[in-house]
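Chains as they are written, first to last, in my numbering: chain A, 677 to 883; chain B, 677 to 883; chain C, 677 to 883.
Keep in mind the hints are simulated off the structure, nothing from the lab. There could be a bad hint or two in this list.
[As the list claims (entries may be wrong)] Looking from chain A toward chain B, a few residues come up when the C-beta cut is under 7 Å (computed): (1) Leu727; (2) Val733; (3) Glu760; (4) Ser761; (5) Leu840.
[To be verified] If you want the ones that stay clear, here's a sample from chain B, every Cβ over 12 Å from chain A, calculated: (6) Leu679; (7) Leu704; (8) Phe711; (9) Leu715; (10) Gly737; (11) Phe753; (12) Trp768; (13) Ala793; (14) Cys814; (15) Gln823; (16) Gly824; (17) Ala833; (18) Gly849; (19) Ala861; (20) Lys877.
Every value quoted in this text rests on a predicted model; they were computed, and no experiment measured them. Even glycine gets a Cβ: it sits at the ideal position worked out from N, Cα and C.
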Amino acid sequence: MTLLAALDYASVVIFALTGALVASRAQLDLVGFVFIASLTAVGGGTIRDVLLDRNPVFWVGQPLFIGLAAGAAIVVFFTAHLLESRYRSLLWLDACALAVAVPAGVAVAVALGHPAAIVLIMGVITGCLGGLMRDVVCNEVPLVLKQGELYVTCAFAGSGAAVLVLWLGGAPGVALLACAGVTFALRAGSLALGWRLPVYKSFPPRQ
Amino acid sequence: MTLLAALDYASVVIFALTGALVASRAQLDLVGFVFIASLTAVGGGTIRDVLLDRNPVFWVGQPLFIGLAAGAAIVVFFTAHLLESRYRSLLWLDACALAVAVPAGVAVAVALGHPAAIVLIMGVITGCLGGLMRDVVCNEVPLVLKQGELYVTCAFAGSGAAVLVLWLGGAPGVALLACAGVTFALRAGSLALGWRLPVYKSFPPRQ
Amino acid sequence: MTLLAALDYASVVIFALTGALVASRAQLDLVGFVFIASLTAVGGGTIRDVLLDRNPVFWVGQPLFIGLAAGAAIVVFFTAHLLESRYRSLLWLDACALAVAVPAGVAVAVALGHPAAIVLIMGVITGCLGGLMRDVVCNEVPLVLKQGELYVTCAFAGSGAAVLVLWLGGAPGVALLACAGVTFALRAGSLALGWRLPVYKSFPPRQ
Chain A
677 MTLLAALDYA
687 SVVIFALTGA
697 LVASRAQLDL
707 VGFVFIASLT
717 AVGGGTIRDV
727 LLDRNPVFWV
737 GQPLFIGLAA
747 GAAIVVFFTA
757 HLLESRYRSL
767 LWLDACALAV
777 AVPAGVAVAV
787 ALGHPAAIVL
797 IMGVITGCLG
807 GLMRDVVCNE
817 VPLVLKQGEL
827 YVTCAFAGSG
837 AAVLVLWLGG
847 APGVALLACA
857 GVTFALRAGS
867 LALGWRLPVY
877 KSFPPRQ
Chain B
677 MTLLAALDYA
687 SVVIFALTGA
697 LVASRAQLDL
707 VGFVFIASLT
717 AVGGGTIRDV
727 LLDRNPVFWV
737 GQPLFIGLAA
747 GAAIVVFFTA
757 HLLESRYRSL
767 LWLDACALAV
777 AVPAGVAVAV
787 ALGHPAAIVL
797 IMGVITGCLG
807 GLMRDVVCNE
817 VPLVLKQGEL
827 YVTCAFAGSG
837 AAVLVLWLGG
847 APGVALLACA
857 GVTFALRAGS
867 LALGWRLPVY
877 KSFPPRQ
Chain C
677 MTLLAALDYA
687 SVVIFALTGA
697 LVASRAQLDL
707 VGFVFIASLT
717 AVGGGTIRDV
727 LLDRNPVFWV
737 GQPLFIGLAA
747 GAAIVVFFTA
757 HLLESRYRSL
767 LWLDACALAV
777 AVPAGVAVAV
787 ALGHPAAIVL
797 IMGVITGCLG
807 GLMRDVVCNE
817 VPLVLKQGEL
827 YVTCAFAGSG
837 AAVLVLWLGG
847 APGVALLACA
857 GVTFALRAGS
867 LALGWRLPVY
877 KSFPPRQ
């Protein structure tokens, strides 16, 4: 349970940083930074908790999560201009956030005793939906949909790794570590080395 | 209850096909197809279940729904290039999906004993919101908002037909059949024959 | 509780008017007006109720809310051409809606005994998310994100005023009045006098 809490806190803070970076690209004011950062930080976990009927939703029971997201947003507001490339920083922070949010989703579903399929899906939802909301609200091309990059695939493979380890009788901590590792490795490989899956192609593309 | 299950399964599979077709227009990879197809397939019913506090959400209790959506996405990934016009196929599949999802929403609200107004609204929500999420996430013009076409109107009229049949003392099965028939007939008439309602017009259009 | 009900009704009707005005900008038909108006009218309060696990969701327990939203949409459909500037009307109606929806969110969170941080957040969520959904669905630039305008800030300051009054031992009615006053005054000052916070700036803006 302590590991789960650590994952939740880490994913909230890192996703908040990505939300604040997107807010900086939209040239918002400080309150706008806090708003987008909070939405991104708790979005995926909130949907997970609502779907699993987990009461209270994690940040309603512990508002410190929102305070952390707000703090992260404030730090970014005053320091983002120091970054060499905000977009590149955004991509790598988002990769880290994904790699802690996916195991956070997996851990909750496992703790509630759900079957493997739901564990898999909750990993993907918790990992991907906060960033998706951030991008839809800020009118960025969702990272989830970027052509020629692995994104949902990483979350899916990471969740799958956790399910596999558990099925083989591994300890929950090992499963979560494998989950984070696989998720980050695939996303980093996609960002740094261009790993990808074949995409659907047709000509003309929109008929 | 068997009829309700059949409606749920049919609407999940058909909406998944539409989601996969939109994913093909966005040139996603296979996992992207599965993600968008699942979002579209279970989106409307999920919101219905959350709003009505129906626990567990239908696909959390029965993950086979997600498996079916994934299967439909995989089929589309490998066969969509065979279609003569993917957009035309999308419109007609979406019409079919609407015509089964609206009665699925109506059936749940009736089974839970809600009044006519809520039955009406749940039909519209279950029918329209999965496709709306698909279009917002994929940055398509939502079908819900397409000018000069009937869409929400079809869902609304279909739900209304079900409520009317029930109010007149008809059997639930008859009400759901009427609902599906009216929904599909109106949508098909709009697609094939250009049926429409007068729209709001003003010049200049955006002032 | 009567004050709370009055706030809920007022915010539903006024937000419905704003939703219908956006629908008029998108040149939708009458059913489209009702759909967008209802989404805008009950969106924020619905998310508040789902997050706080308040059952039933306010409009599911009292469908009259949707009827009022539909009525407001119908009135706008037939009279919007009489407005001199629909966009200006939209902005000012939205300011009024914000100023009643924020205290409505605050009141619910207080009534359920939540701590100050959650009260603050529920004020912001109830005030801002209905309009945000309206703008995302209709593909308008979300008011929440408009550069050089106060929006979330107004909701945040209004909620903060309510929390402060309550903490000082003020009566709930006074707190809600202060909340509405602060929210509206800030938003009106931003619209009429150009009040704003410094925004994040960088060159080039998107790197």
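Against the structure, the hints:
1. Leu727: holds (6 Å)
2. Val733: Given a least distance of 12 Å, the restraint on Val733 of chain A is violated.
3. Glu760: Nearest chain B Cβ about 29 Å off; hint violated.
4. Ser761: violated (25 Å)
5. Leu840: violated (17 Å)
6. Leu679: holds (25 Å)
7. Leu704: violated (6 Å)
8. Phe711: Given that some Cβ of chain A is not farther than 12 Å from that of Phe711 of chain B, nearest at about 5 Å, it is violated.
9. Leu715: Not fine: 9 Å to the nearest Cβ puts Leu715 of chain B too close to chain A.
10. Gly737: About 9 Å separates Gly737 of chain B from the closest Cβ of chain A, which leaves it inside 12 Å; violated.
11. Phe753: Contrary to the label, Phe753 of chain B does not stay out of reach of chain A, its closest Cβ about 6 Å off (not over 12 Å).
12. Trp768: Correct as stated: the minimum Cβ-Cβ distance to chain A is 15 Å, above 12 Å.
13. Ala793: Consistent with the label, Ala793 of chain B stays out of reach of chain A, its closest Cβ about 24 Å off (over 12 Å).
14. Cys814: violated (7 Å)
15. Gln823: holds (19 Å)
16. Gly824: At about 20 Å from chain A, Gly824 of chain B clears the 12 Å cut-off, so the statement holds.
17. Ala833: holds (30 Å)
18. Gly849: Holds, since 30 Å exceeds 12 Å.
19. Ala861: The claim stands: Ala861 of chain B keeps its Cβ more than 12 Å from every Cβ of chain A (closest is about 27 Å).
20. Lys877: Non-interface label stands for Lys877 of chain B: nearest chain A Cβ at 27 Å, farther than 12 Å.
Going down the numbered hints, you'll see the structure goes against 2, 3, 4, 5, 7, 8, 9, 10, 11, 14, while the others check out.
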